[in-house]
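These protein sequence lines are chains A and B, in that order. First residue of the first sequence? That's 0 in numbering that gives the first Met the number 0, and the numbers climb one at a time after it. First residue of the second sequence? That's 0 in numbering that gives the first Met the number 0, and the numbers climb one at a time after it.
I should point out that these hints are in silico values taken from the structure, not numbers from a laboratory. Hints are supplied without guarantee of correctness; some may be wrong.
Here are the simulated lysine to aspartate or glutamate pairs, EDC-like style, with alpha carbons at most 20 Å apart [claimed, not checked]:
1. A/79 <-> B/107
2. A/75 <-> B/41
3. A/79 <-> B/43
2 protein chains.
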Amino acid sequence: MTLLHFEDFRAGQVYDCGAHEITKDEIVDFARAFDPQPQHLDEDAGQRSLLGGLAASGWQVCAIGMRLFADGLILKSANKGGSRVQECRWMKPVKPGDRLRLDAHVVETNISRSRPDVGFVTFEWRIYNQVEQVASVILTPILGRREPGGA
Amino acid sequence: MTLLHFEDFRAGQVYDCGAHEITKDEIVDFARAFDPQPQHLDEDAGQRSLLGGLAASGWQVCAIGMRLFADGLILKSANKGGSRVQECRWMKPVKPGDRLRLDAHVVETNISRSRPDVGFVTFEWRIYNQVEQVASVILTPILGRREPGGA
């Protein structure tokens, strides 16, 4: 398999990274481990919260986004890792049975000034449920260059 | 227990949110579920990566940060949930046996223009291992006001 390199990415490209249907057990298990706020653990508490029902931790939405991004793009690339997230917005509650789908939009690409063998590709993840966008995450993985030092 | 409300927070405050020692099994289990990049799954692959050894997914560092923040502050507050993360920086690799400690710094506080019963408190999480800072996360939970509509 030919790995995607820095040079393969252009602003405006969109990668379909597939989907994952989230279950109630997944929501509660993640919340018990990492975000034990009542609205992530219990339906009644969720109903009393701004979320309007049991809903996933925003950090779980990010983690599922990472899994889709990994399977759909990063594991097929000369990825060197990531160092920062510029923004993460949780726009709508994610509820049991929601099918989360991720599109990765290329925002911009920049070569590294200090390392001729890598470049930075900034992506915006747009995560959707069945009917609307639920989250946006902007982050910049480091990608290997096919032609180190090239223009 | 008296819950912390919006009025209790002031820029410059620092809340010690405790610590969690991360194990190799935790790192590999999280990576299998959410971030199956080789450097998060395997010591040899980690050695060959920029991380210099098996190291945790940055998203796991955030999730552990959320757990410490929840136990140390949010579950003791009139929290209404969060809606955005302004920045997340992963500064150093997190390795098996690292003891992650979180300080939550209050950056700024703002009342809501549209809802007199809540306000926004922006925190910077500073996450440390035994010797240095490994991550920084800036985020803004929504906190209930003790005196809705007050000055």
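Structure-based check of all given hints:
Between residue 79 of chain A and residue 107 of chain B the alpha-carbon distance is near 35 Å, which puts this suggested pair outside the 20 Å criterion. Simply put, residue 75 of chain A and residue 41 of chain B have alpha-carbon atoms about 18 Å apart, close enough for the 20 Å limit, and the pair holds. Taken as a hint, the residue 79 of chain A and residue 43 of chain B pair is honoured in the structure, with Cα atoms around 15 Å apart against an allowance of 20 Å.
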